[in-house]
Amino acid sequence: MSDAGTAHPIKVTINGETYERTVLARTLLVHLIRDVLALKGTHIGCDTGNCGACTVIYNGRTIKSCMMLAAQADGAEIETVEGLSENGELSPLQRAFHEHHGLQCGYCTPGLLMSATVLLRDNPNPSEEEIRRGIRGNICRCTGYMNVVKSISAAAKEGAQ
Amino acid sequence: MTQTPTGETTVERVAPSERLGKWSGQSVPRKEDRRHLQGQAQFADDAWQRRMGYAHFVRSPLAHARIVSVDTSKAEALPGVFATLTGAEVRELTEPFFQIAPEPGGNIVEYCLAVDKVRYQGDAVALVLAESRDIARDAAELVEVEYEPLPAVVDTVAAAEPDAPVLHDEVGTNVAWHGVYDYGDVDWALENADHVVKIDRLHFHRFSSTPLECSAAVVNWDAGTDMVAIYSNNQMPMFASLVIGPSLGVPSNKLQFRSQDIGGAFGIKIGSYPQLAGLCLLSRKAGRPVKWTEYRADHMMSAGHGNERVFLDIEVPVMSDGTLLGFKVRAFDDAGAYLHYEPLGAVIWSQVTPGCYRFKHIHVDYTETLTNKCPTVPNRGYSRLQHLWLTERIVDIVANELGFDPVELRKKNYIQPEDYPYETPNGCVYDSGNLPKALDLALEAIDYPKWRRRQQELGKGSGKRIGIGIGTTLDSGTNNFGQSRIINPGLPFSGNGEAAYVKLDLYGEVSVNLGTTPQGQSHETTASQVVADILGVSPDDVHVTAGFDQRHNTYVAFSGTYASQFAVTGLGATMGAAERLRAEIVKVAAFALEASEDEIELEGGQAVVRDDPERSIPFMGIANLVYSNVAALPPELADSVSLNSRHTYRPPFEVPDPEAKRGNLTLTYASQTHACAVEIDEESGEVSILDYAVADDCGRLINPTIVEGQVHGATAHGIGAALYEAFEYDEDGQLMQSSFYEYHAVTSLDVPHIKTVHVETPSPFTPNGAKGMGEGGGAPLHALCSAIQDALDDDSPVVSETHNAWERVYRLLHPDPGTGRGVAVESR
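Just so you know, the sequences run in chain order A and B. Residues in the first sequence are numbered consecutively from 1, following this note's numbering. Residues in the second sequence are numbered consecutively from 1, following this note's numbering.
It is worth saying that the hints were derived from the structure and are not from the lab. Predicted model only: the values in this text are computed from it and were never measured. Note that CB positions come from ideal geometry on N, CA and C, so glycine has one too. Please note that the accuracy of each hint is not assured.
[Claimed, not checked] Here are the simulated distance ranges between beta carbons:
1) A/P124 x B/H543: 50 to 60 Å
2) A/N123 x B/E418: 46 to 56 Å
3) A/D74 x B/K74: 27 to 37 Å
4) A/R136 x B/Q40: 40 to 50 Å
5) B/V630 x A/N15: 43 to 53 Å
6) A/E129 x B/H814: 26 to 36 Å
7) B/P618 x A/R136: 46 to 56 Å
8) A/E129 x B/E418: 18 to 28 Å
9) A/M67 x B/H753: 23 to 33 Å
10) B/W48 x A/Q72: 44 to 54 Å
11) B/Y741 x A/Q72: 14 to 24 Å
12) A/P124 x B/G495: 48 to 58 Å
[What the hints assert, rightly or not] Straight-line alpha carbon distances no greater than 30 Å define the calculated BS3-like cross-link-like pairs of lysine-lysine that follow:
13) B/K437 x B/K22
14) B/K503 x B/K254
15) B/K117 x B/K437
16) B/K412 x B/K450
17) B/K412 x B/K755
18) B/K503 x B/K437
19) A/K150 x B/K450
20) A/K150 x B/K587
21) A/K150 x B/K503
22) B/K437 x B/K411
23) B/K254 x A/K150
24) B/K22 x B/K198
25) A/K157 x B/K755
26) B/K74 x B/K464
27) B/K360 x B/K412
Just need the whole structure built from these sequences, with the hints factored in.
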């Protein structure tokens, strides 16, 4: 009931930077990322693990960060959308989304980029069907997925991972 | 626009701008993308202020109940709680929201929190503010509300019955608005037709485009200045301002709306003003900024749903050659528990009264009711998609019952290319189009003959069926708000408009700001394209302010992003402001270059003397003369230029005739024609889309890729609504879908590959030949219902529901014995 709860010291590495914080037991990982560490690129769309707006890469796999407690993430290596570019330059995947109109309102985009990143790491030459399966956990309400699929496919051809 | 004595409407033709062309029409990559791709966008929930508290709404678990008591003492005693707010306080502190409806619907008394009664599951009863979102939620659970349950009414037709439980005692009935739209002579047509096709009931269901970002805001009522800053994702802030300002007693120049990036809205985020009003009061009471982020369950329950509509006793007079004379229908629209933006939907459908057809005799008896359900708000295709679905169902059912080919019947009855500008029976003027060509292109794209062959080959016993469907639809854009007077003749609204501001900055940089609140529609990109053409620069040289900020963006009361109009109103304003700036640049350049104004051309960020490129001055030089070297200019020139240009685009509208319910209600009519082939599994009722194509016509294209993206999105929404997405209430008014578990928003596996083709019929009424687009008119609902009907047997029940999940399709394939078909034909 009370917010006092139990406090847990944790250490996480996000985009190569290590953070040590004390979190309440009920703090969600996505709230640690957004509210405590102010990495606002990771979004919340559904609170129930359906929409994928909060997708991050957690020890190499995609997870929905609204479905995990921050305290559980102690020791984890996490990648978020803020880590995709180097020196402000768009990565090949980001560039493909830009060139093929893979985003409109942009709210689902960070989650989609993280899912697509893992998809392409696992399968550098995915078919359209494999791309669609790879992003089925990310709801996009603007694009009808057409140009998202096209963007990921184009990024694969460019050798993005 | 002028009304001739015979009542015909003519609309002024506009000479298209000659300067568009180099950049307009190109698929320029979007200026908005970089910040989104790098996680640097600024959405409403990304805002943060020092000392802010987190707000949470206490919502009613019951659909209809008297509020006996609200006790916030336990919540207030919880450590970390800053303040609470109840309906009783709100009644003391504010005036009720003004109502668009005339009496009796206009008698509704609505505050930002429920007072005395709750009227739907999710109705807000109290607000809690605390130092964290979790404590706020804990505290909300400690607010004790005693309810005395009342019977709920959830069916729009039943709600209109005299013995139905009444939601609003002040109204005395659940009928919020009723009116008869009558054009031509439908009784004559029904008497003289060779056939009359009678359809019992069609039902357009409730759904929402459910933007992925829920509503959110940070609101601060600043005690020092008495300014109320609202950083939110409301998509029509001027409407919100007009409604909540008088309620709160705050003049509009002290309400400051701001937004940057909005994570989809689709009309739903017009409806967040009651919540924002509550947050304003909570901020003033607590003396703190208030942060609110809607949970998805709150959004599903209370942010607003699209309109549900029932059509009863449809009668369609048809001649033996297939000429459709019109139709007669009783429509019941379910507005939910309060009128949020409603009853505007009760007239907005009539922008497309005859749909895409030359129906002459139309009679619509329209009733809007109040029910114990979430209030409806505009949702992509608002109010027109329901009506367009009716017209498309009529055409397909007539074809099936009388044995006409659905393609030929459409082509025979479509408004023909030579008919434009086409005046509808209610005085609207369709600007341009080529529907037969669009249908041919869409059918060609799916290889229609191939699917007809496959359908024949499949035969009985395969367990599968193939159906081919067509959906023709209109996307009417740029409303004449004068149509509100057809609902309520006393309303002081008419016309439409949008404002834009274009200037040169200190070193000659081009800056633009807009009155709009885009949610993915790429306004920064398309505005920069038209400005680049007019000022002779590249879109990269044009900076368009991201988002809307009432402190420095320009606006009019119509400002916002809704109803398929930016390409006309927003770009019309931008083009006008850019032209004014251009004229000033030319004037200063003519002086500086010792040339006459008509010799000056703008290119490459410079003013150049035609045929004498040595004589030129860059924009930096122009800005220098006006801003920092002003004594070098002749005084009369210096006094006549500012390099700051504002323009309001005003479409040529007049006030419609409320009595006759006639007038030009919309400036442009984009169209979409969808064609699809589906396979239906007889054992399960599952519908799989085998092929899908869209022919789109939005006049002159400003940015083809962006248009195509909007077509894809609208198609996905319609497919979702037709096959998966529905908000359903049980008989007690409990919502059955309150998360994305139960409400299946379409995924990448549900939306097929969408083929797109373009028809381009420029609008003669707009400054750039473009027509507003984006809503898409719900075409997949029409096309998929058409395809399902096509797959059924000729004597199967008619497809009478927009939502066709597996079970419903199974029931159509295997109707219970004794189930009627829902249709009858009288022939003479």
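So, going through the hints one by one against the coordinates:
At about 38 Å, the CB distance of A/P124 to B/H543 disagrees with the hint of 50 to 60 Å. Judged by the Cβ atoms, the range 46 to 56 Å given for A/N123 and B/E418 holds: they are separated by roughly 54 Å. About 35 Å separates the C-beta atoms of A/D74 and B/K74, a value consistent with the hinted range of 27 to 37 Å. Against the hinted window of 40 to 50 Å, the Cβ-Cβ separation of A/R136 and B/Q40 comes to about 27 Å, which falls outside the hint.
Remark: the range hint 43 to 53 Å for B/V630 to A/N15 is upheld by a beta-carbon distance near 50 Å. With their beta carbons about 32 Å apart, A/E129 and B/H814 fall inside the hinted range of 26 to 36 Å. Remark: the range hint 46 to 56 Å for B/P618 to A/R136 is upheld by a beta-carbon distance near 52 Å. A hinted range of 18 to 28 Å is violated for the C-beta pair A/E129 and B/E418, which are about 45 Å apart.
A/M67 and B/H753 have their C-beta atoms about 31 Å apart, which keeps the hinted 23 to 33 Å range intact. A hinted range of 44 to 54 Å for the beta carbons of B/W48 and A/Q72 is inconsistent with their spacing of about 25 Å. In this structure, B/Y741 and A/Q72 meet the distance hint of 14 to 24 Å, their C-beta atoms being roughly 22 Å apart. Range check, A/P124 to B/G495: about 56 Å between beta-carbon atoms, so the 48 to 58 Å window is met.
Among the hinted pairs, B/K437 with B/K22 is consistent with the structure: their alpha-carbon atoms are about 28 Å apart, no more than 30 Å. Using a Cα cut-off of 30 Å, the hinted pair B/K503 and B/K254 holds, with the two alpha carbons roughly 26 Å apart. For the given pair, B/K117 sits about 55 Å from B/K437 by alpha-carbon distance, which is inconsistent with the 30 Å threshold. With a C-alpha separation of about 23 Å, the suggested pair B/K412 and B/K450 falls inside the 30 Å cut-off, and the hint holds.
Using a Cα cut-off of 30 Å, the hinted pair B/K412 and B/K755 holds, with the two alpha carbons roughly 26 Å apart. Of the supplied pair hints, the one linking B/K503 and B/K437 is violated, its CA atoms being roughly 43 Å apart against a limit of 30 Å. Restraint check: the Cα-Cα separation between A/K150 and B/K450 comes to about 27 Å, which is no more than 30 Å; the hinted pair holds. With a C-alpha separation of about 48 Å, the suggested pair A/K150 and B/K587 falls outside the 30 Å cut-off, and the hint is violated.
The suggested pairing of A/K150 with B/K503 is violated, with an alpha-carbon distance near 38 Å, which exceeds 30 Å. A distance of roughly 9 Å separates the Cα atoms of B/K437 and B/K411; the hinted pair therefore holds under the 30 Å criterion. Restraint check for B/K254 and A/K150: the C-alpha separation of about 46 Å exceeds 30 Å, so the hint is violated. Taking the CA atoms of B/K22 and B/K198, the gap is near 54 Å; set against the 30 Å cutoff, the hint is violated.
Between A/K157 and B/K755 the alpha-carbon distance is near 22 Å, which keeps this suggested pair within the 30 Å criterion. The straight-line distance between the Cα atoms of B/K74 and B/K464 is roughly 61 Å, outside the 30 Å bound, and the hint therefore fails. At most 30 Å may separate the alpha-carbon atoms for a hinted pair to count; B/K360 and B/K412 meet this at roughly 14 Å.
In terms of the numbered hints stated before, the structure departs from hints 1, 4, 8, 10, 15, 18, 20, 21, 23, 24, 26, listed from lowest to highest.
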